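K.L.:
Can you make the complete structure from the sequences, with help from the hints?
First residue of the sequence shown? That's 96 in the numbering used here, and the numbers climb one at a time after it.
Since the hints were derived computationally from the structure, they do not count as laboratory data.
Here are the simulated DSSO-like cross-link-like pairs (lysine-lysine), alpha carbons at most 27 Å apart as the crow flies: (1) K179 with K168; (2) K155 with K174; (3) K173 with K186; (4) K130 with K148; (5) K173 with K155; (6) K160 with K179; (7) K117 with K130; (8) K130 with K115; (9) K148 with K160; (10) K155 with K168; (11) K148 with K117; (12) K174 with K186; (13) K115 with K146; (14) K155 with K117; (15) K174 with K160; (16) K115 with K148; (17) K179 with K155; (18) K202 with K186; (19) K146 with K160; (20) K155 with K115; (21) K117 with K146; (22) K173 with K160; (23) K146 with K130.
Ranges between beta-carbon positions, derived for each pair: (24) E195 with E152: 44 to 54 Å; (25) D138 with S182: 48 to 58 Å; (26) E161 with E203: 53 to 63 Å; (27) E188 with D116: 52 to 62 Å; (28) E152 with L189: 40 to 50 Å; (29) E176 with V126: 45 to 55 Å; (30) R157 with K117: 14 to 24 Å; (31) E161 with S193: 36 to 46 Å; (32) R151 with I198: 52 to 62 Å.
As the structure is a prediction and not an experimental result, all values here were calculated from the model. For glycine and all other residues, C-beta sits at the position ideal for the given N, C-alpha and C.
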Amino acid sequence: MLNFVKEMMVTGLGAVFFTKDKVEEMVQQLVAEGKVSREEANDLVNDMVQKAKEQRENMKERIIKEVENNLNKAGLVKKEEVDKLNSQINKLELHIESLEREIEALKENKIEVVEDEL
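P.N.:
In structure tokens form, the structure reads like this:
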């Protein structure tokens, strides 16, 4: 009977939304109805809370993966990718500024500089 009760309460998406208080309330009702012994009640509560936690984590991971897949399909990029590109752009800008200063310094020293066309 205990396995049946566990399966009944854990199956489906509903278990994702169980809080410990709600599980305890449901198990106490089963104890009151004589469907679960007091000894089994504590184990049942712990088991149900753990399974609900695992299902929430599983659901969270599935949602994250689905969102990432849809963003990739839509051609959108993550904030981390944009931040990485911005960092690379900043480094290139600093490098260009440094090269421009070198060119100006060379011109001031009347050294002929051949500039590449970009």
